[in-house]
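Each chain, written out:
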Amino acid sequence: MSKEPVAVVGIGQTKHVAARRDVSIAGLVREAAVRALEDAELAWADIDAVVIGKAPDFFEGVMMPELYLADALGAVGKPMLRVHTAGSVGGSTALVAANLVAARVHATVLTLAFEKQSESNAMWGLSLPIPFQQPLLAGAGGFFAPHVRAYMRRTGAPDTVGSLVAYKDRRNALKNPYAHLHEHDITLEKVQASPMLWDPIRYSETCPSSDGACAMVLTDRAGAARAPRPPAWMLGGAMRSEPTLFAGKDAVSPQAGKDCAADVYRQAGIADPRRDIDAVEMYVPFSWYEPMWLENLGFADEGEGWKLTEAGVTELDGDLPVNMSGGVLSTNPIGASGMIRFAEAALQARGQAGEHQVDGARKVLGHAYGGGSQFFSMWLVGSEPPDG
Amino acid sequence: MPEVLKAPLAVEFPFTRSLSPVQSAFLTGLRERVILGVRTRDGRTLVPPVEYDPVTAEEIGELVHVGVTGTVTTWAWNHAPRRGQPLDTPFAWVLVKLDHADTALLHALDAPGPDAVRTGMRVRVRWAEERTGAITDIACFEPYDGRDSEVTVNAGEFEDPVHGIVAQARLDYTYSPGRAQTAYINALAERRAVGERCPSCRKVYVPPRGACPTCGVATAEQVEVGPSGTVTTFCIVNIKAKNLDIEVPYVYAHIALDGADLALHGRIGGIPYDQVRMGLRVEPVWTEGGGYPDHYRPTGEPDAEYDTYKELL
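Each protein sequence line maps, in turn, to chains G and U. Per the UniProt record's numbering, the first sequence starts with residue 1, numbered consecutively. Per the UniProt record's numbering, the second sequence starts with residue 1, numbered consecutively.
Everything labelled a hint here was simulated from the structure, so no lab data went into it. Please read all numbers here as calculations on a predicted model, not as lab measurements. For each residue, glycine too, the CB sits at the ideal point set by N, CA and C.
If you anchor each label on the Cβ, the simulated ranges turn out as follows: (1) U/Ala116 to G/Ala43: 49 to 55 Å; (2) U/Gly270 to G/Arg266: 47 to 53 Å; (3) U/Arg277 to G/Asp301: 25 to 31 Å; (4) G/Asp159 to U/Ser228: 27 to 33 Å; (5) U/Glu12 to G/Glu304: 43 to 49 Å; (6) U/Thr174 to G/Leu67: 22 to 28 Å; (7) U/Asp258 to G/Lys307: 35 to 41 Å; (8) G/Ala311 to U/Asp307: 27 to 33 Å; (9) U/Trp93 to G/Ala43: 34 to 40 Å; (10) G/Leu67 to U/Glu301: 54 to 60 Å; (11) U/Glu301 to G/Lys15: 52 to 58 Å; (12) U/Pro2 to G/Gly303: 45 to 51 Å.
Distance condition first, Cα-Cα at most 30 Å in a straight line; then the derived DSBU-like pairs of lysine-lysine: (13) G/Lys307 to G/Lys190; (14) G/Lys307 to G/Lys258; (15) G/Lys175 to G/Lys190; (16) G/Lys190 to U/Lys240; (17) U/Lys242 to U/Lys6; (18) G/Lys78 to G/Lys15; (19) U/Lys242 to G/Lys190; (20) G/Lys15 to G/Lys175; (21) G/Lys175 to G/Lys307; (22) U/Lys310 to G/Lys258; (23) U/Lys203 to U/Lys6; (24) G/Lys3 to G/Lys78; (25) U/Lys203 to G/Lys258; (26) U/Lys310 to U/Lys203; (27) G/Lys15 to G/Lys190; (28) U/Lys97 to G/Lys78; (29) G/Lys307 to U/Lys310; (30) G/Lys3 to G/Lys258.
Based on the provided sequences and hints, a complete structural model is requested.
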């Protein structure tokens, strides 16, 4: 028996900001969930199960927060699952939810992801004082910056490419009312003049720290037929993982990422992603990850990704728009960031992305990665249901 | 076999909590020595109050006063209170259903011993001397044989409500790096870098993990590597991290020690930060009693060819 087609019929986000002091964690996730239900014109009783994701518990210091969020998410008396795969969790959470529909376990599933980073400090949460280890570094930027340098060395990319990505994503964010950073006076010169934090990564080429949540309602073919607005259809979805560090790991273009993309393309019948996919929301927390992932995901040959960025191909009006929403560079509630990529891909396929809509976007990739480039989750969504 | 290392690891952080209107009213009420519950759609009163109806999932916010006396619904004796618990002498954890409430609140009961505690016993709040708008404003409960509380029906507004709290969280671990890393750390004390070779893929891991992450087999064969190595990639750190006593800017590098199949991470010194480059040959610099190399400095050898280390980035 073939899989049940999975449709995205409701999408909700909070307005992402540095600190939401007016709501509790429950209030934050509730806000996104209510908006997704409103978009789908469904009530709590229409939801069969809830699948929630967030980054490490250390980030807010609430152990297993899903237990106390059941009331806020209408999950009492229903199955509720929590997913955790570090920064990719928003994507893998959506895929776990989608698989429940595809397997006909549940007809309609609410999935959501969140982070309320103002309640804690992610840099602290990622840099615990482990005994016997030399303290060298704090935070994610220093971890990823050497990999960016390795990419530059490997490809010969000019050192301005990262600033082009940041300038583009911050301008795209101006068209997205939910984006955290709205830098109306952004210029390329300002990006290039911003302080060098972890050379080669500049301040303006890093993601912010955000409070935010994202939610989606996923449903089966019958649910999609009742939906008030056009659904986005899942055409393929996959997850892959690999160890953080191992001999032979390619941190610039991890094998797990390549394998994950290949699986999604196989499911969706994509022969040439550059030709067959209209737009991409990818997880770019540091600007240089755009050209790196363009290669890893098969949109460019190895060593050629930066040329697409430099040529303007990934601009909102380019041939392959990337991070139309402003991306992680403009909004980063860590646990939610992957799901925002997936949701933005679905918004595009539904034609509901508003000012940052790409005309004629029919097949859109959502991508997330996490940990030390070790967890990958991706889905391809389209405006038409899958064949068969 | 040498003893495996162990050391305490305290994970501690002051988390902040933004409060919903319901939580704000509850905690502000405690400061004013009143206890508030919330009414659900089916007419029950929940204490502590919640934001969303557990049955209907609706947002709820009708607050009512409940009693400061109540009945123990169940309990457990705590023989040995730990740091941060409500009392520093043995006490009972109790669930107390306050008068006029339909659910029970978890707190501590100050009682002389377990024989003095029973389900169904009457108790009342003992307020803390100093109250800030936190659950600790209730110091504990105490046995009580007086009359039930009389309460007003409607909850009033409070001046200067609390909107957030700081929750100091602390977890105490005993950390052990395990057999393989203990051997590595002990060798470092003798200023030697000793890794382990995978019996299957023959790769040398430094530091060793006791198992090969790709083959999934245990490693045991010890291999001394280095002391020199090659900088495979790096970044220049310009922001000073809290609790890190290193002057910025400094170079954080991936260093492939000679004979190792995976780069380890270290700081580069003895050369201006802006002259560090991929392929630079380096050696460890030890300090007295350091436990690991303080940093790595150039050996003066010619740089390594890119092809010799490109698989070790």
